[in-house]
Amino acid sequence: VRKFPVLFPFASPCYRLNFETSDLKAKTVLDSIAMCLNNKTDFTADVVRESLAVLQSDEIPAIPLMRTAILSAQSFPELKKFVLNETIPAMMERRVWDVAPKVWEGVIFGIKNLIPAFSKSVELSLRALLRVPGVQLKAVFKVASGVKTILSQYYRTLSSEEKSELSDFEDKDKQKLLLEISGDS
Amino acid sequence: MFFSFNLQKLLDHHHGKNVDNRHSISLIVNILKKLEKLDSSLYEASVLAVFSRLVYFSILRTSFAEVFLDRIPRLPSSCVSLLIILLHSGQKQQLQQQSHSKGEVSSKASVRSDCLHLLAQCVRLNKDEASSLLILNYLLSCCLSDDFEIRSKVIGCVVSHIYDASRQSAEDEQSTRNRFLSIIRAFAVQSLFFSFSSSISSQLFTDYIQSCSHLEDLSSDYSFFSFLSESPSGTVPTLQESFSGFFHGSLSDNLRKSFHLIEQLALVDTQFLSSLAELYCFCSYLQNNLSGKDVFFLLHLSLFLSPFLSPVVSTEIAAVNDVILGEMKIIIPAVNLHFNEVDILEAVLSVKSERLYPLIEYVLNLLSSDVAVPPKPLLLESVGNFISCLKNQPFVVYNLSDEDFRVCLPLIASFSTEQVEILLPRILKLCADKPENLKLCFSKLYKSRPPVIAKVSLLVLLHR
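Quick mapping for you: the protein sequence lines, in order, are chains A and B. Here the numbering used here is used: position 158 in the first sequence is 174, and no number is missing along the way. Here the numbering used here is used: position 395 in the second sequence is 404, and no number is missing along the way.
Extracted from the complex, chain A is given alone in its bound form (with noise of 0.2 Å):
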């Protein structure tokens, strides 16, 4: 059992458990963290936020983080926008793709369920989408092919000076998909 800092003044400190050692089936816990989102009264919107806003600080997050935050954006209205403009900004910050692979599939489900169109509400997740390395990018655009049409609207509203912050001359791929976005639009 290892503890972590208290990250809220109301809230107990928090430690974090070894669920493989405790014999616990990952669906069991899936379903408690489900059961308490459609507790709706009592698991409000404000709750749900701030928890997700714990959790996206961790150091490596937890595995069914992106799983909570898409039910909650979908639950709650409200929570979308925090969960576009935040956490999954936060996560590829964080380049999860590394430290947490299961949760960056996570993220890539969230951009194709979260992002129908291109808004001024989804462009901080997109800002961050276009500074993920090219293989990692190519395999948001394999899941979520419909990102790639809203990715393309978003790079041409985009300066050339703030383009060519996002270029990466030594990811080829990236060059590539840059290209295929700039020809698309």
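Hints were generated in silico from the structure; no laboratory data involved. Among the hints, erroneous ones may be present.
The calculated DSSO-like cross-link candidates involving lysine-lysine, where the alpha carbons are at most 30 Å apart (straight line), are [claimed, not checked]:
no., chain 1, residue 1, chain 2, residue 2
1, B, K448, A, K97
2, A, K56, B, K448
3, A, K43, B, K448
4, B, K443, A, K118
5, B, K400, A, K41
6, B, K456, A, K96
7, B, K443, A, K56
8, A, K41, B, K438
9, A, K96, A, K164
10, A, K97, A, K164
11, A, K56, B, K438
12, B, K456, A, K56
13, B, K456, B, K438
14, A, K41, B, K443
15, A, K43, A, K118
16, B, K438, A, K118
17, A, K136, A, K56
18, B, K361, B, K443
19, A, K43, B, K438
20, B, K448, A, K96
21, B, K456, A, K43
22, A, K164, A, K118
23, B, K448, A, K118
24, A, K43, B, K443
25, A, K118, A, K136
26, A, K56, B, K338
27, B, K338, B, K456
28, B, K448, A, K41
29, A, K41, B, K456
30, A, K179, A, K97
31, B, K361, B, K338
Over 10 Å on every C-beta distance to chain B, these chain A residues come out as not near it, computed from the model [as the list claims (entries may be wrong)]:
no., residue
32, V115
33, R172
34, S176
Remember, it's a predicted structure, so these values are computed and weren't measured experimentally. By construction, the Cβ of each residue, glycine as well, lies at the ideal position given by its N, Cα and C atoms.
Knowing the structure of chain A, use the given hints to seat chain B on it.
Here is chain B on its own, set in the frame of chain A:
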């Protein structure tokens, strides 16, 4: 006419007229005392006349009956017969409130209650103990009546006017009162036993007693098997026949009838909950140790031994514990109005057996149904002592087996935040197949005042 005149003076006194009632009471009692020595039949007729006025004017009964019964030399059997006849008279639909110019004439509705009250007073105040016991026996037999109205009224009267009143009586009267208490307790637990045993082979009881280490104190008044200790071989005595007339319905119906008295007694004496706990243990034993075929076979044998026995199938035995849980759902909140949670739990925990676990869990859930109020620390201490006694090792919450820990779950709000955080995976595991239990457990954690764990912390903890 003389008695009527003097009783009228008592009534007038009650209505505020300036009449000296002490003189009237003394006069009536003194004349009765003299009559008793001179002419027994005249004495009996006179007491009967007074009794009829007591029944007719309920106000006289409440203010005068106790003094009267306490001071008359003896209670004639004709008076008891009159009360018993009146007790069974009148139909509910015919009852109508009557008024009288002088007021307080008993309506038919209250005649039954008044007669019952008088009979209860006769039991407590009668100088002839044998006669008191006869009346008590009669009242107890009415406690198993098929007529719900009679049963309810008699049970209410026996519990409040005899049992509870006897428990609170002065010390110098304890010896007689203790006899009443013992008789009522014995009747209650034996009726419970026979409502069940009329369908079960006596051999099963003997086997059970031999297999249980917790049944050391069989002589306890509240023990479901108390009277078995008096029988040399531990077999069911012939008393079964005297109860057989009361239990002719299905097992569930019989049980509900016998539960009625126990339920009401538990409202004034929590120890009766231990009788139900003992029955629960026994049923669990039957369910766990015998297949349906075995039970039926043994019951089939018992049919040859006793012609009035009716067979039960194993599903009926399984249903008994459901009936007990259902009854507990009604009893516990009612008992909790008069007794604190710890006393109630201690009564249930007096039966030391692991078979009691589901019942303990159920009772604890009932006692901690208000999720905003954290359970008393003594509840967890009692459960801890119970488990510790069973397992013969100190109670350490982290070292408990799953079964032991499940019993403690209703008291989760008694745990510290640190304990809950460490035990959370275990809580999830134990409630995996019962999401409603997990939901209740969580709500106890974050709704308790103060919360054991905040909602945000709980959700975060679940992820990590």
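Each hint, compared with the structure:
no. : hint            : in the structure
1   : B/K448 / A/K97  : holds, 29 Å
2   : A/K56 / B/K448  : holds, 13 Å
3   : A/K43 / B/K448  : holds, 16 Å
4   : B/K443 / A/K118 : holds, 28 Å
5   : B/K400 / A/K41  : holds, 29 Å
6   : B/K456 / A/K96  : holds, 27 Å
7   : B/K443 / A/K56  : holds, 20 Å
8   : A/K41 / B/K438  : holds, 8 Å
9   : A/K96 / A/K164  : holds, 20 Å
10  : A/K97 / A/K164  : holds, 20 Å
11  : A/K56 / B/K438  : holds, 23 Å
12  : B/K456 / A/K56  : holds, 14 Å
13  : B/K456 / B/K438 : holds, 22 Å
14  : A/K41 / B/K443  : holds, 15 Å
15  : A/K43 / A/K118  : holds, 15 Å
16  : B/K438 / A/K118 : holds, 23 Å
17  : A/K136 / A/K56  : holds, 28 Å
18  : B/K361 / B/K443 : holds, 27 Å
19  : A/K43 / B/K438  : holds, 10 Å
20  : B/K448 / A/K96  : holds, 26 Å
21  : B/K456 / A/K43  : holds, 26 Å
22  : A/K164 / A/K118 : holds, 22 Å
23  : B/K448 / A/K118 : holds, 28 Å
24  : A/K43 / B/K443  : holds, 14 Å
25  : A/K118 / A/K136 : holds, 28 Å
26  : A/K56 / B/K338  : holds, 29 Å
27  : B/K338 / B/K456 : holds, 23 Å
28  : B/K448 / A/K41  : holds, 18 Å
29  : A/K41 / B/K456  : holds, 27 Å
30  : A/K179 / A/K97  : holds, 25 Å
31  : B/K361 / B/K338 : holds, 21 Å
32  : V115            : holds, 15 Å
33  : R172            : holds, 38 Å
34  : S176            : holds, 42 Å
Violated hints are absent here; each numbered hint is respected by the structure.
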